[in-house]
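Participant: Here is what each chain is made of, one letter per residue.
Protein chains: 2
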Amino acid sequence: MIKAAVMGYGTIGSGVVEVLNINRESIAKRAGDEIEVKYVLDLRDFPGDSIQEKIVHDVNIIVNDPEVQVVVETMGGVEPAYTFVKAMLEAGKHVTTSNKALVADKGAELIALAKEKNVNFLFEASVGGGIPIIRSLNSCLTADEIEEITGILNGTTNYMMTKMSDEGLEFEDVLKDAQNKGYAEKDPSADIEGYDACRKIAILTSLVCGQQIDFEDIHTEGITKISAADMKYAKKMGRAIKLLASSKKTKDGYLAMVAPFLISSKHPLYPVNDVFNAVFVRGNVLGDAMFYGSGAGKLPTASAVAADMVDIAKHLNRNILVEWSSKKLELADFNKAENVFFVRTASGKAEIEAVFGSPAYIDAGIAGEIGFITDAMTEEAFAEKVQNLNPLSVIRVGM
Amino acid sequence: MIKAAVMGYGTIGSGVVEVLNINRESIAKRAGDEIEVKYVLDLRDFPGDSIQEKIVHDVNIIVNDPEVQVVVETMGGVEPAYTFVKAMLEAGKHVTTSNKALVADKGAELIALAKEKNVNFLFEASVGGGIPIIRSLNSCLTADEIEEITGILNGTTNYMMTKMSDEGLEFEDVLKDAQNKGYAEKDPSADIEGYDACRKIAILTSLVCGQQIDFEDIHTEGITKISAADMKYAKKMGRAIKLLASSKKTKDGYLAMVAPFLISSKHPLYPVNDVFNAVFVRGNVLGDAMFYGSGAGKLPTASAVAADMVDIAKHLNRNILVEWSSKKLELADFNKAENVFFVRTASGKAEIEAVFGSPAYIDAGIAGEIGFITDAMTEEAFAEKVQNLNPLSVIRVGM
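Listed in order, the protein sequences are those of chains A and B. Our numbering numbers the first residue of the first sequence as 1 and each following residue consecutively. Our numbering numbers the first residue of the second sequence as 1 and each following residue consecutively.
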């Protein structure tokens, strides 16, 4: 019998307890032993709930109980999660977390500490919810050099983009709808400003290059400027607007960014709609692959945490190699990145062509404006050119 | 330095040697040691090719060389692959294979033998080429009960279906085209009759249920009866015709089949076109997930074999648990399976409604015939009803 503790009995934490119960038998079979939750750490009490008897309010009860071998961290946020997780690893306990903020910020350090203590620090659920993308990068696609990894990593914004596209609604209206459905928080900035996707691509890029990527270094744009009019042009082009978190290996190093893109109907990410997530991976021998699934939600995310627990149960006395050193990797200069840009402007063709030569025009039948697509050019070159046009909107064209 | 041998220097075998060279450094890093091919077993010689110095014609040279720890089997077919692989495992060598015929037929036995000898028998490349579906089922989705696994597992037929749909061509014409492009063999029956997909779903189902599924027990239909007219109706319905290999957990046990299906544009498998493969998985807590990629081809398949070699290098002294006992699992009775059917017939509505009540009609504008969709009914009930109509074609509607 393997004794576990869960820190944080919110949506994910309670989901983990639920999954361990629902699939108790099959999990025990695959783990080689039964996994039992001995403690649940939470500030709250849950009177009347069967979990109450396992509730503790003092983290040291778990730290000091040698019987506890596996600890699940589902509190979210960097602190106190970081302090607690560190204490668990130092006490020789394995840890799995769903906490992307913690992993993006302290991943390298906690991986090193786990290695030093010959335990494991796993975080499958921190990116892509139930999609097994972390384990795929660590254990499956090991014969490849990953040249590109591009994901739809935030279900809330993908739901919003899908709804704007399907129903022709404006941003504010779909945001309200997403909040009413519980997909978006009262303060939605982490989702709609791209911060959530940014932390996730920082984690994936760190795993691909084996070094520390600071999420603050990643150029990040949200979807707040996307309008119903933009969607009209997208349809006219046969493209979809998706918030993509992307990381590419270039001759100048890794180039990472988060921004809305107009993607082609031929791209595997094009049909990924609603709250679903997907990660597109290009390997130098594998070619193109994609992993699709529920990027959030109680049970899918809990399923990933529980899968980490099974992996830990199979490696109780051995550290699973995760290549992610704390040595910081400088990303390639975003300003030098080449992109193709879609621009909407009220300016006339003469003004446009004076700046951009003869671009490809798109007329979505909106009076008083025109859209066009530039040639490929660097971000800095585009920024300089476009300022002569006061654009109504700018969206990169890609994939 | 880990010494390896490759049995069969055809497309995949030579691809493995190529991948080990292209990504030598990163593979060594992940494997924890360099992997070097010491022997290549083939009946042929390759004068002038740098591989010639490693060519051997006698399998016993490999069996009897204690230095060889890992053996790659890429010969294809059950014999002599089976005899050779067995000899390698008995000699205490790890084996990885891309050979679906071998795995479908002898998988359980070879997994048991590997376990007994405390080595590993891995076969990631036997299903879905470069798509890491085997490792995902074994090591990633371990917290779930898999309720359904449905795949587009044959690239040749998917290319043909895509081309028929895009260009309105007839079966014979796209078959010729596929043969000219080298996607289909001179004798294409393994692909177009569904035998290839059948072996692959047998392997996946065995891994999901942990017991032996005999591929001969799986109801298998190919795509040879699909016509340009069928594609017209599919378009009218907003659906695509795909050869699906499917396995579902029902109250009566596992139900497995291979057949063309009319799938909805909302299904994740709908946009999977050309030679790409994809595997849709439904877990009881994970929900829906999909794995997409190159299902065949030299380098993608070799990438999966090389990833197995890395996994073996990380488990040289330990058997990786693969749940697949030789205990045979009886599949649920196909005749009792409930499906919805699309039928084309020259019969009149009166005759149709005399048999099927009032079905949903589809008119694709083809003179002298009509299409309709039945309610859900068992295979045996449908077979009995439809014989009164002499149908022009029958395709199941699903997903």
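Treat each hint with caution, since some may be false.
Stated by the list, open to error - Computed cross-link-like contacts, DSBU-like style, restricted to lysine-lysine with a CA-CA straight-line distance of at most 30 Å: (1) B/266 / A/298; (2) B/86 / A/314; (3) B/328 / A/251; (4) A/266 / B/266; (5) A/29 / B/266; (6) A/266 / B/86; (7) A/314 / B/3; (8) A/163 / A/232; (9) B/117 / A/314; (10) B/328 / B/106.
Note that these hints are calculated values from the structure, not bench results. All of these numbers come straight from a predicted model, not from anything done at the bench.
Participant: Are any of the numbered hints broken by this structure? If so, which, sorted upward?
Facilitator: Of the numbered hints given earlier, those the structure breaks are 3, 5 and 6, listed in rising order.
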